[in-house]
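A.B. asks: Given these sequences and hints, build the entire structure.
So the sequence lines, in the order shown, correspond to chains A and B. My numbering puts the first residue of the first sequence at 40, with every later residue one more than the last. My numbering puts the first residue of the second sequence at 11, with every later residue one more than the last.
Keep in mind that a hint or two might mislead.
Simulated pairs of lysine to aspartate or glutamate, EDC-like, Cα-Cα distance not exceeding 20 Å [unchecked claim]:
#: 1; chain 1: B; residue 1: Lys188; chain 2: B; residue 2: Glu274
#: 2; chain 1: B; residue 1: Lys396; chain 2: B; residue 2: Glu150
#: 3; chain 1: B; residue 1: Lys181; chain 2: B; residue 2: Glu274
#: 4; chain 1: B; residue 1: Lys189; chain 2: B; residue 2: Glu143
#: 5; chain 1: B; residue 1: Lys298; chain 2: B; residue 2: Asp323
#: 6; chain 1: B; residue 1: Lys277; chain 2: B; residue 2: Glu187
#: 7; chain 1: A; residue 1: Lys176; chain 2: B; residue 2: Glu39
#: 8; chain 1: B; residue 1: Lys40; chain 2: A; residue 2: Glu247
#: 9; chain 1: B; residue 1: Lys40; chain 2: A; residue 2: Asp242
#: 10; chain 1: B; residue 1: Lys40; chain 2: A; residue 2: Asp323
#: 11; chain 1: B; residue 1: Lys140; chain 2: B; residue 2: Glu216
#: 12; chain 1: B; residue 1: Lys404; chain 2: B; residue 2: Glu143
#: 13; chain 1: A; residue 1: Lys176; chain 2: B; residue 2: Asp240
#: 14; chain 1: B; residue 1: Lys188; chain 2: B; residue 2: Glu143
#: 15; chain 1: B; residue 1: Lys345; chain 2: B; residue 2: Glu216
#: 16; chain 1: B; residue 1: Lys277; chain 2: B; residue 2: Asp240
#: 17; chain 1: B; residue 1: Lys208; chain 2: A; residue 2: Asp323
#: 18; chain 1: B; residue 1: Lys404; chain 2: B; residue 2: Glu185
No wet-lab data here; the hints were simulated from the structure.
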Amino acid sequence: MLANIFYFIVFPGFLFTAVIGLLASWVDRKVTARIQWRVGPPWYQNFVDFFKLLGKETIVPKAAKKTGFLLAPLIGLIGVTLVSLILWRMNLEPNISFMGDVIVLIYLCMLPSLAIIIGGSASGNPLAALGASREMKLVLADELPFIIAIFTPLVRIASIRIGSIVLYQQANGMMLTHHLSSFIAFIVAFLCMQAKLTLAPFDIPEAEQEIMAGPFIEYSGPPLAIFKLTRSMMLFTMPVFLITMFLGGLRFEGWSILWSIVKYLLILVLIILVKNTNPRLRIDQSLRFFWLRLFPLALIGFVLALLGL
Amino acid sequence: MKNKTVIPIGPFHPLQEEPEFFELVVEGEKVVDINVHLGYNHRGIEKIAESKTFDQMVFLVERICGICSTSHPIANCNAVEEIAGIEIPERAKYIRSIIGEMERLHSHLLWLGLAGHFIGYNTLWMWAWKYREPILELFEAVTGNRNHYAMMKPGGVLRDIKEEDIAPLLKGLNEVEKKIGMLTKAALDDPVLAARLKGVGVLSKEDAIAYCAVGPTARASGVDIDVRRDEPYAAYGLVDWQVITQEGGDVLAKTVVRLLECFESIKIIGQCLERLRKVRGEIAVKVKEIPPGEGIGHHEAPRGETFHYVRSDGSNTPVRLKVRAPTYVNLPTCKVTVPGESVADATLILASIDPCYCCTERIITINNKTGQRELRGEDLLRLCRKKTERIRRKLEK
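C.D. replies: Here it is as structure tokens:
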């Protein structure tokens, strides 16, 4: 029992994910700044921002539904913490994996988006409502290709346990380089992840120049801090999810520690590059992109996996 | 009938650095109507002008806008010169054109950056502004100021462009041209950018004429107007250049017009600088007094035609100044371009006419412990001069 609480709160749950997530956000800000010929903030900037927000006043607008408005950030935070917890436990001890845990994970990955939708709708601001409706459309768009892409390597090894895919990759090398189907699925999953992280070109729900941060517009103080923290933690957990499924998982013995970190940083930098070399799409354009381009691609990958490629 | 919501853009909004209020009436994501409310930024310039002398008025109108800060003085001087019937010296004509075109260059790059920012492409924003910086430095080297160049006066120009400045200017512009070329290619070849800009906010030729659009907004809709060619002033009738038009009328066409105009500007400046080497003489004629009468002055500002009307009663101050900035006529076109588009595009279309922003502030440094200002006016002036010296030395190398 005590061990489980430790897992949830300290490692690999909340504290660990939060610290790494905030550092990852710093990498994002720094690399972005260097691409744009700016200097960028020092490494502790995100921590300072977070603690500063914690000390600020929480304002709940009159038109807002108070419970939903204040609970929404927590829902997102719990969701992303659980995702991180399950992923790391499975990576470190593949044998405790249970049947269908990947389905649980996919559901939990939805929670932060759900939190944004609830929070945005509850805040009683037309811009927030518009942002929430955009988030809803984005989730509808990216969820289908994402699920298919995540299931592709599982179909290939005929198991729906994360533990078995980690063990399989430890024995046979990473899925990405050994199977064509997984390669296609990885591309699809990567682009869906960009949408799940709401980064450009899919930062539509919070488009600052159009709807002024959308769902977050009425948030202030600790709830905003929690939303920001959730975003940072997503920037850590989502790439880890992809690494677990396609890039051989994370291992902490000897040299593989370094290799795990390099894998994560590579994906992070790739995310940042995509973010910085694309303008924001319109919501209808991204819907079309996910359903008409990525969905068929994901299906092709899935069929290839069924054929054993 | 479906539910209609009003999405406010302004009076304070990340899209507009100046207070302007657009009411978007939306159904879901689709904009069905737009209402424009202006007048949040009234500064009484026209009234103040009546208490200034003709020379002081140029100083005043330069402060109407921080970005097209030389357009208003040129138009104003044109108007005053028309009253007095003055023909300015040839050398002054070239200098006016050089300053006017350099302003167009930096203004168009500024717009490109902002347009990038508005569609969430912050890299384009930073890069465009990075490339704009050398132009401002050239301005500082030639006129002593990054903005508000204070070069115009009725009868000519205040400062000469020196012989030794011409070579560094040409070199600097050459580099700027290369960078703009790179930027143009990168911006126009990007498929995602094209997806966002093409076919968005189309202003048809008929509408452009009906709404009296001017400048790049009109030229992107195929309306072939340009005050510089249609009513030549300064040196525009003396050099060889083209009016850029596009047929699309959408945001992409407006972007293309602006980017291609940059190259025309560089062409004009290059020719003017070459002529400056040959044309000697005065840079201003003495204006004794302004007779009673009325005068009209135009200038093709980066955003379109700037129009000044001045009336004089023979004293040393004008009795009436009327200014019409290009944004004033371009803004109503959003009545036809915005409805039917999504909210995401609406902001971009509003920005595509390049509404005027002021951005000329320098710095205030405050000592944390004493709360005193570390740098006072005179310190800033000293720092400014030092930096100008440094830029000049760098350019002359």
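A.B. asks: For every hint, state whether the structure bears it out.
C.D. replies: Structure-based check of all given hints:
no.: 1; hint: B:Lys188 / B:Glu274; in the structure: holds, 13 Å
no.: 2; hint: B:Lys396 / B:Glu150; in the structure: holds, 11 Å
no.: 3; hint: B:Lys181 / B:Glu274; in the structure: holds, 17 Å
no.: 4; hint: B:Lys189 / B:Glu143; in the structure: holds, 12 Å
no.: 5; hint: B:Lys298 / B:Asp323; in the structure: holds, 15 Å
no.: 6; hint: B:Lys277 / B:Glu187; in the structure: holds, 10 Å
no.: 7; hint: A:Lys176 / B:Glu39; in the structure: holds, 11 Å
no.: 8; hint: B:Lys40 / A:Glu247; in the structure: holds, 18 Å
no.: 9; hint: B:Lys40 / A:Asp242; in the structure: holds, 19 Å
no.: 10; hint: B:Lys40 / A:Asp323; in the structure: holds, 11 Å
no.: 11; hint: B:Lys140 / B:Glu216; in the structure: violated, 37 Å
no.: 12; hint: B:Lys404 / B:Glu143; in the structure: holds, 14 Å
no.: 13; hint: A:Lys176 / B:Asp240; in the structure: violated, 50 Å
no.: 14; hint: B:Lys188 / B:Glu143; in the structure: holds, 14 Å
no.: 15; hint: B:Lys345 / B:Glu216; in the structure: holds, 14 Å
no.: 16; hint: B:Lys277 / B:Asp240; in the structure: holds, 19 Å
no.: 17; hint: B:Lys208 / A:Asp323; in the structure: holds, 15 Å
no.: 18; hint: B:Lys404 / B:Glu185; in the structure: holds, 14 Å
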